[in-house]
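Enquirer: Protein chains in written order, with the numbering used here: chain A, 109 to 785; chain B, 109 to 785; chain C, 109 to 785.
The set of hints was computed from the structure by calculation and includes no laboratory data.
Even for Gly, the Cβ is constructed at its ideal location relative to N, Cα and C.
Honestly, I wouldn't trust all of these hints.
Below, simulated DSS-like cross-link-like pairs (lysine-lysine); rule was C-alpha separation at most 30 Å, straight line [unchecked claim]:
1) Lys649/C x Lys439/B
2) Lys165/C x Lys200/C
3) Lys111/A x Lys353/A
4) Lys201/B x Lys283/C
5) Lys683/C x Lys666/C
6) Lys177/C x Lys617/A
7) Lys281/A x Lys369/A
8) Lys683/C x Lys777/B
9) Lys529/A x Lys396/C
10) Lys500/B x Lys594/B
11) Lys683/C x Lys666/A
12) Lys489/A x Lys500/A
13) Lys489/A x Lys111/A
14) Lys489/B x Lys283/C
15) Lys683/C x Lys617/A
16) Lys353/A x Lys117/A
17) Lys666/C x Lys439/B
18) Lys777/C x Lys439/C
19) Lys683/A x Lys777/C
20) Lys529/A x Lys666/C
21) Lys500/B x Lys142/B
22) Lys489/B x Lys200/C
23) Lys688/A x Lys439/C
24) Lys773/C x Lys759/C
25) Lys617/B x Lys184/B
26) Lys281/C x Lys200/B
27) Lys165/B x Lys282/C
28) Lys439/B x Lys647/C
29) Lys396/B x Lys341/B
If you want the ones that stay clear, here's a sample from chain B, every Cβ over 10 Å from chain C, calculated [claimed, not checked]:
30) Asp136
31) Arg140
32) Asn291
33) Val770
34) His774
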Amino acid sequence: MVKKLNEEKLTLGICYYPEHWPEDMWEDDYRRMKELGITYVRMGEFAWSIFEPEEGKFSFDLFDRAVAKAGEFGLKVIMGTPTATPPTWLTKKYPDSLNVTQDGIPYQHGARRHYNYNSENYRRLSSIIVKKMAEHYHDHPDVVGWQIDNELNCETDVFYSEADHDAFREWAKKKYHTLENLNAAWGAVFWNQTYTSWDQVYLTRKTVPNSPNPHHALDEKRFFSDSAISYAKLQADILREYAPKQWVTTNGMFGHLDNHKLTDDLLDFYAYDSYPNFGRIIEDHSVKPLRDRKWSWNLSVVRSISPNFAIFEQQSGPGGWVTRIEQPSPKPGQLRLWTYQSIAHGADMIMYFRWRTATKGTEIYWHGINDYHNQPNRRVKEVEAVSQELHKLGQIAGSSYQAEIAYVTNYDNEWDAEFDKWVGPYEAKSKDAWFKALQYNHVPVDAFHLNAETSLEDLKSYKVLVYPHAAIITKEQAELFNSYVKQGGKMIFGCRSGYKDETGQPYMKAFPGYLADLVGVNVEEFTREAPFEETPGVKFKNLQEVEANDFNEVLQLKEDVEVLGTFTNAHFEGKPALVKRNYGQGSSYYFGGVFNLDLASLLIDEFELNDYQDLFDLPEQVELSIRHKEGTDYVFLLNYSEVPQEVTFKKEFTDLITGRPVTNKHTLKPFDVIVLA
Amino acid sequence: MVKKLNEEKLTLGICYYPEHWPEDMWEDDYRRMKELGITYVRMGEFAWSIFEPEEGKFSFDLFDRAVAKAGEFGLKVIMGTPTATPPTWLTKKYPDSLNVTQDGIPYQHGARRHYNYNSENYRRLSSIIVKKMAEHYHDHPDVVGWQIDNELNCETDVFYSEADHDAFREWAKKKYHTLENLNAAWGAVFWNQTYTSWDQVYLTRKTVPNSPNPHHALDEKRFFSDSAISYAKLQADILREYAPKQWVTTNGMFGHLDNHKLTDDLLDFYAYDSYPNFGRIIEDHSVKPLRDRKWSWNLSVVRSISPNFAIFEQQSGPGGWVTRIEQPSPKPGQLRLWTYQSIAHGADMIMYFRWRTATKGTEIYWHGINDYHNQPNRRVKEVEAVSQELHKLGQIAGSSYQAEIAYVTNYDNEWDAEFDKWVGPYEAKSKDAWFKALQYNHVPVDAFHLNAETSLEDLKSYKVLVYPHAAIITKEQAELFNSYVKQGGKMIFGCRSGYKDETGQPYMKAFPGYLADLVGVNVEEFTREAPFEETPGVKFKNLQEVEANDFNEVLQLKEDVEVLGTFTNAHFEGKPALVKRNYGQGSSYYFGGVFNLDLASLLIDEFELNDYQDLFDLPEQVELSIRHKEGTDYVFLLNYSEVPQEVTFKKEFTDLITGRPVTNKHTLKPFDVIVLA
Amino acid sequence: MVKKLNEEKLTLGICYYPEHWPEDMWEDDYRRMKELGITYVRMGEFAWSIFEPEEGKFSFDLFDRAVAKAGEFGLKVIMGTPTATPPTWLTKKYPDSLNVTQDGIPYQHGARRHYNYNSENYRRLSSIIVKKMAEHYHDHPDVVGWQIDNELNCETDVFYSEADHDAFREWAKKKYHTLENLNAAWGAVFWNQTYTSWDQVYLTRKTVPNSPNPHHALDEKRFFSDSAISYAKLQADILREYAPKQWVTTNGMFGHLDNHKLTDDLLDFYAYDSYPNFGRIIEDHSVKPLRDRKWSWNLSVVRSISPNFAIFEQQSGPGGWVTRIEQPSPKPGQLRLWTYQSIAHGADMIMYFRWRTATKGTEIYWHGINDYHNQPNRRVKEVEAVSQELHKLGQIAGSSYQAEIAYVTNYDNEWDAEFDKWVGPYEAKSKDAWFKALQYNHVPVDAFHLNAETSLEDLKSYKVLVYPHAAIITKEQAELFNSYVKQGGKMIFGCRSGYKDETGQPYMKAFPGYLADLVGVNVEEFTREAPFEETPGVKFKNLQEVEANDFNEVLQLKEDVEVLGTFTNAHFEGKPALVKRNYGQGSSYYFGGVFNLDLASLLIDEFELNDYQDLFDLPEQVELSIRHKEGTDYVFLLNYSEVPQEVTFKKEFTDLITGRPVTNKHTLKPFDVIVLA
């Protein structure tokens, strides 16, 4: 069942913390929200001490008044369960509820997310507060839905409390049944790690070389994900039971968490917190860094979870904590641009974070749309303008993003590669290269999530699948890919593909393992790029030469394999580097290396995808997105540059915001957006 | 009451550790000190185990002989209380006396300053040893004064033992009386940090994102300072009671310690340890780094505590520990230069660290004036030369440093900014820029310490006050500044001024808060400099253009505000950046940015301060200092360069060292100093 | 007694882990080993859980079958004692057996070497397993020798468990007898560290400035070495008793371990694990980095322990862990080159690590000669070629490396300098410079290990000794050097020589302490190089000028001292920097600085050593090694470059591999080796 947001039109919301502000300010705040065209208000998610000031003593007065007042202005409330920040009385009384470092040092009160998911006390007390809140608000007419906790696995995605070690032991028993199975899966015979009693089993702990058993570490990440989901399920089950008429979701996208499973199993739709301004401060030494435009990739992943989704926190100002995250202010137009970036990728509900900048605590520099002083400012005006525009674009809600190509993602490989210096860095580079090449060539792309339920039909939604460095590929997955290509699909792989099984152990097979038949190669030899030597190259179709950076696999070919590129500038000069094999009605590609922007661009041409050159001439700085509903393509053109960009239309479109026709040359102002049909 | 050293003439001293050396060397050492013109010998400060080899068993024999022998040569002894290094028997028996990391790991025996100030056992045992020493030496004719402990808060200025957590809880109770007050001051409603019982209150502890509540953290620093002062008071009270005829001080200037309050409440005068050679190894990528000349700023701060002061440790050789601090040797002349640097800024007593380089332990590379081998060397000869010169300059003792401009310092802002990446780095840059600009323009400057007792009269000692990035400005302080300017003062502020209250929480006011009336601006919008973009500029008086680095505030002007500079190269091009407002008989200046050397230099011209161009033409490499006493200006010119510097005198002076007149051109040799009247 | 390997001919071996592989693969594996010409198979060293699956329950079945099967193919087994990786049941039941960080955090199960050497339980259980294995295999015809543990002190060379603290206390009692002696040796009077009871004595612990007492720290390293040797002795004694007919050794060369004493006291010969591929990934910003050729120095040190030695792990493929150590593949020829590098330096037995790349655990990227897939590959073929060549070179076994010059090493200085930023970095730079200069000038060099047993005769084996920055030089050592030079030796020292005694405390003497007579200088003054200033120079013999980087000592000369170089570009311009003194029949040299490649090259010319220019003209990229036996010089020329290198022979040699004569010009292919007689 596809979990998607079902809004009738594009709507706006706001994150609001009534408990932070004098009660006599609420009315004015709500009135101004209403005037701005805000529909939703999220609240409650950090207020456990308000709801339960002492253990077992509950108080809903403050939020009852806050919800009622919101209702007076026609605002709909999304209520957060407050478990991201346990009360001080709780962690003091139940220290087993704290998360702990791998070295055994507990995290304490003072920030957030210092609890662990497996403490019995914490689970019990969480159940109680969620049940009390659900009982209290389940039929409140102004409360429309629930956010479980806040940003699960944010701040940290590793957990080493005693409760976690114990739960992991049980998890392992359930998964492996016998120690023989566990020892085999973890390759325990290596370095004499064989377990002879279940009480010897722990999460990874401090080792002398700071390098745990990698198969153990992979399972640990699966466990962290299952723990988080189990904890969310505890809350979701209560909400479903006690508040069956209100929807349930959670927000954020963080590490060691299978958000697809979480959403499929527990939620009505998925909500993301989008902060593209991070893109302006993150070190990025790659060619042509995408900066805030990189968030379009994140939004593509979100879309793979929930085709239509909500943004629960849309960045609306300069961001930062007192001690770190030093972001500049959005420039005039950027707040609007980022809002449309979310919409262009499938968001139908956008909630700005936050109404007014906090005057207390660690986040006094995470600015809301209002400043501390509450005077009108440029950001509020920009939200107002967006709000008015959305009235004209409401019908876009429910439409679907259009893409012919997808980049494949998979949690097993993501978690295995995180730890593996022989895959992880290559995957990061290739993803960057492919996403950039597709963006700059105006070829819309989806993220495609591969899991145990993936069917051939799912794959067949796309003309081309890119799956660069999936170390773990099972026999079943390889057969699925074979079928996909046989039936006309195109699929491309890079080096380090297919050499591991699901435990993360290499097969006793020549690379690329079970893919060998599909791609028609065996890897004859391979090498990492030596750090103080010249980088080899690839000669593509005897024409262009591009770098073969980071890793090289020399390919031995089976029959009927076409060589598209050969190595240069290496002792394996002239040997095959990049090949194509026609396979059934489709074709496979294998590159014995890490993709870079040049090579990915050359390959995109190969695939003959729609780059919409019949409709527009677009400069690189402009992103193209298309959402489709009921026979209409909604075209978004977004200018991420602070320089005006000239666009050429090769047919006449209607500018949906102005209602006017556009044709021929059109100039997008800095950070400007145009939505066409 | 002003706490200043009252020496009748400029005097020299030496740090000596008799317990380190064979007793038969003492006589020769003292004789040579006497020959060098040394007056004072400091000893005893790391010798607790000598004085109390077992708990409750005391022995003064060794130091009695060491003091008596010093007395034979007419040397006066300054006795250190030995609490900076607890005996091994003490920390073994009373582990609660140890300081502990925030993570809970105790520091142990092996170096120094591993104790905490709040352990009851440590306070009790400290009281006993200090009392015993005071009883023993209070009427010794050769012991003239006491140094409490050694370098309080050196090595570390944070303390997390159980005793510290407990003492902090009591400190907070005393400050806030109720948890309601505490919760309000710490903004505890944010992230659900509300305290409901006093036993939940601790110093900051490990948090997941390694970011404690900033208001809590600010109070923690106030507590650390109060703890250190309380511990020093424990000793000072005993010394005052048992040794009333001897003076009392302590040495050093380290973090999280209100040295002004410490001195005002407890000491006779303040003593500083001056190591300018650090300036030759510290990374400094600023424009025209000051290197060792930076110590002139440190000495200015010392002067703000004690207008005439002592140097208890004046660097006299290459410095360094075995494991770190890798300093080169002073070049010929630098030891003398640094001595005069101290004197030029108000030091009337200079004690060299140390007589002879240690042959044991961590500091075998902190060289004294003598080498291990005790043979005559260049450094001893340089001290001898200085000593002879000082005979001719003795009358300078007691004279006062002259400055028309002061740079304002304040502990609340210093401690708040330490933690705040949105203020602290700007304050550091602006301080550097202003100090350099004043040095290079030969405008002497004071540090002005702003605290609760500061009066309008205090402010009126200066024509100009520079207070660049004081985030915390109270209503009362703003009113004081208003009065100062109304009565003719000039005062200049930079961005990030006045937006926080004393708890470190932003006001719900437009920036710059209570300063708005004085400076006549509201901040319309602001931004940090984006790291991968071009730096904006400021056009000053439509003439020069300088960089507007790091942070930009766009200013909205009230009436009667003169625009001195506007922004360039930004989306807010042309908007006001730097303004002046005539206010009563004085004027205020506000710059919506961080000061750099270029801008500070332009502004100094604005202020029309005495730069002594009627008296000299001085090259940038030469520092000018003037001390005044009884109608005479004592002029110090110090050449920090290893290149000769030519000075032009526009009237005739007397070189006080040679006794000869100087006029017209004069060449200062590398590292040379001239003292004129 | 010289401990050397006594092989009759050059032999090959392989590291094999039968427990990792299906038993039905063994036969094929052994057959292929046999076909490759392999003689030895090492096994067992990480298999404790196989031998003792439960405490006190032993099982030899698996390895009995593995040994028997090896025997069927004529392979000889080297058995490893399995103590490098304790079983999980052991560390769970006896947590006192774990090693612990200095901060008190125990290392846990999951990697290797997480035990400590002093745990009574671990020593007891180690004794039992070693005894059981020795009893079982002592008369097995196919088991020829034992490897104790695996790579002692690899992963970490520091140990802070409670058992280590206790053992250190006993070690100190035994060494010092009284606390007075201990306090004197550790300079405890400094910073009041005096011990008054033995229970106050610990290994170094966490100090506030993270800087322990350096004399204490030096003793700690001596203790770590003694602990490791004591643990190895525990095993060696059992093996000698229960398996007297089999030889005993151990492998590796790691920190804080006196491998010379270990070998002399316990072993039959020394075995090294050689991984030159590290040289291709280690950051090396020195002039002309040696990369993999640097391993020739390591092999020289190994040779100083055991003139003929074994390589128990010779790198045979790309190397790396999952999380770190990211090595490229050896290029065609490099595996062969590195094998000959070992042989050229004295190895007579070469065991490749490992037969087949592990498919499990942390080392899945430490490739063996076979890949996971077990198909023939380039590396297997290269081993086969080497094997065939060695048949023609067998007689080289037992021959001796020839060198006229030696670089002196000494554990006291190595361990003291490790911690000392005023010596350690200089020693590292000078060693690099000298080794490079000797390599590039084709002057073979030995490492000469100086210890308490070193005799004048030992020294006299060399024409020249280079001992650049030995801070610790005792009176006895100085007298030994005097005798050596008097009898015709040449000896050269650099700055920072001779100023410390055996405790690491500076003498109360002018530098260079007891060396002053031999070298005829006192150091007048010295300085570290100041980081932001120009580097001084040395003018050598009034001709070339080279840099005088890092540290400068200005020399005062005694009589009859010849100045070879004077300083430039410093305030001590023109003063002596480098001197020579004829002393008896020999001569001494002293340089008041750190050697660089230019200076070392100039000095080598001074020494008039045999650089074999009468025999060859060799390019820099080619290493020359000569082994001698029974009147024959075996000459190795090794090309470390991937570019062909032209060699000129000035007499006719025989290429021992082809059996053909070579003369005049000869081109060494990339990574090629030629062995001549």
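Enquirer: Look at each hint and say if it fits the structure.
Expert: These are the hints, each one checked on the structure:
{"no.": "1", "hint": "Lys649/C x Lys439/B", "result": "holds, 27 Å"}
{"no.": "2", "hint": "Lys165/C x Lys200/C", "result": "holds, 17 Å"}
{"no.": "3", "hint": "Lys111/A x Lys353/A", "result": "holds, 17 Å"}
{"no.": "4", "hint": "Lys201/B x Lys283/C", "result": "holds, 26 Å"}
{"no.": "5", "hint": "Lys683/C x Lys666/C", "result": "holds, 14 Å"}
{"no.": "6", "hint": "Lys177/C x Lys617/A", "result": "holds, 25 Å"}
{"no.": "7", "hint": "Lys281/A x Lys369/A", "result": "holds, 22 Å"}
{"no.": "8", "hint": "Lys683/C x Lys777/B", "result": "holds, 21 Å"}
{"no.": "9", "hint": "Lys529/A x Lys396/C", "result": "holds, 28 Å"}
{"no.": "10", "hint": "Lys500/B x Lys594/B", "result": "violated, 45 Å"}
{"no.": "11", "hint": "Lys683/C x Lys666/A", "result": "violated, 74 Å"}
{"no.": "12", "hint": "Lys489/A x Lys500/A", "result": "holds, 18 Å"}
{"no.": "13", "hint": "Lys489/A x Lys111/A", "result": "violated, 34 Å"}
{"no.": "14", "hint": "Lys489/B x Lys283/C", "result": "violated, 43 Å"}
{"no.": "15", "hint": "Lys683/C x Lys617/A", "result": "violated, 69 Å"}
{"no.": "16", "hint": "Lys353/A x Lys117/A", "result": "holds, 20 Å"}
{"no.": "17", "hint": "Lys666/C x Lys439/B", "result": "holds, 25 Å"}
{"no.": "18", "hint": "Lys777/C x Lys439/C", "result": "holds, 13 Å"}
{"no.": "19", "hint": "Lys683/A x Lys777/C", "result": "holds, 21 Å"}
{"no.": "20", "hint": "Lys529/A x Lys666/C", "result": "violated, 59 Å"}
{"no.": "21", "hint": "Lys500/B x Lys142/B", "result": "holds, 18 Å"}
{"no.": "22", "hint": "Lys489/B x Lys200/C", "result": "violated, 66 Å"}
{"no.": "23", "hint": "Lys688/A x Lys439/C", "result": "holds, 27 Å"}
{"no.": "24", "hint": "Lys773/C x Lys759/C", "result": "holds, 11 Å"}
{"no.": "25", "hint": "Lys617/B x Lys184/B", "result": "violated, 58 Å"}
{"no.": "26", "hint": "Lys281/C x Lys200/B", "result": "holds, 19 Å"}
{"no.": "27", "hint": "Lys165/B x Lys282/C", "result": "holds, 29 Å"}
{"no.": "28", "hint": "Lys439/B x Lys647/C", "result": "holds, 21 Å"}
{"no.": "29", "hint": "Lys396/B x Lys341/B", "result": "violated, 42 Å"}
{"no.": "30", "hint": "Asp136", "result": "holds, 13 Å"}
{"no.": "31", "hint": "Arg140", "result": "holds, 15 Å"}
{"no.": "32", "hint": "Asn291", "result": "holds, 34 Å"}
{"no.": "33", "hint": "Val770", "result": "holds, 26 Å"}
{"no.": "34", "hint": "His774", "result": "holds, 22 Å"}
Checked against the numbered hints above, the structure violates hints 10, 11, 13, 14, 15, 20, 22, 25 and 29; every other hint is satisfied.
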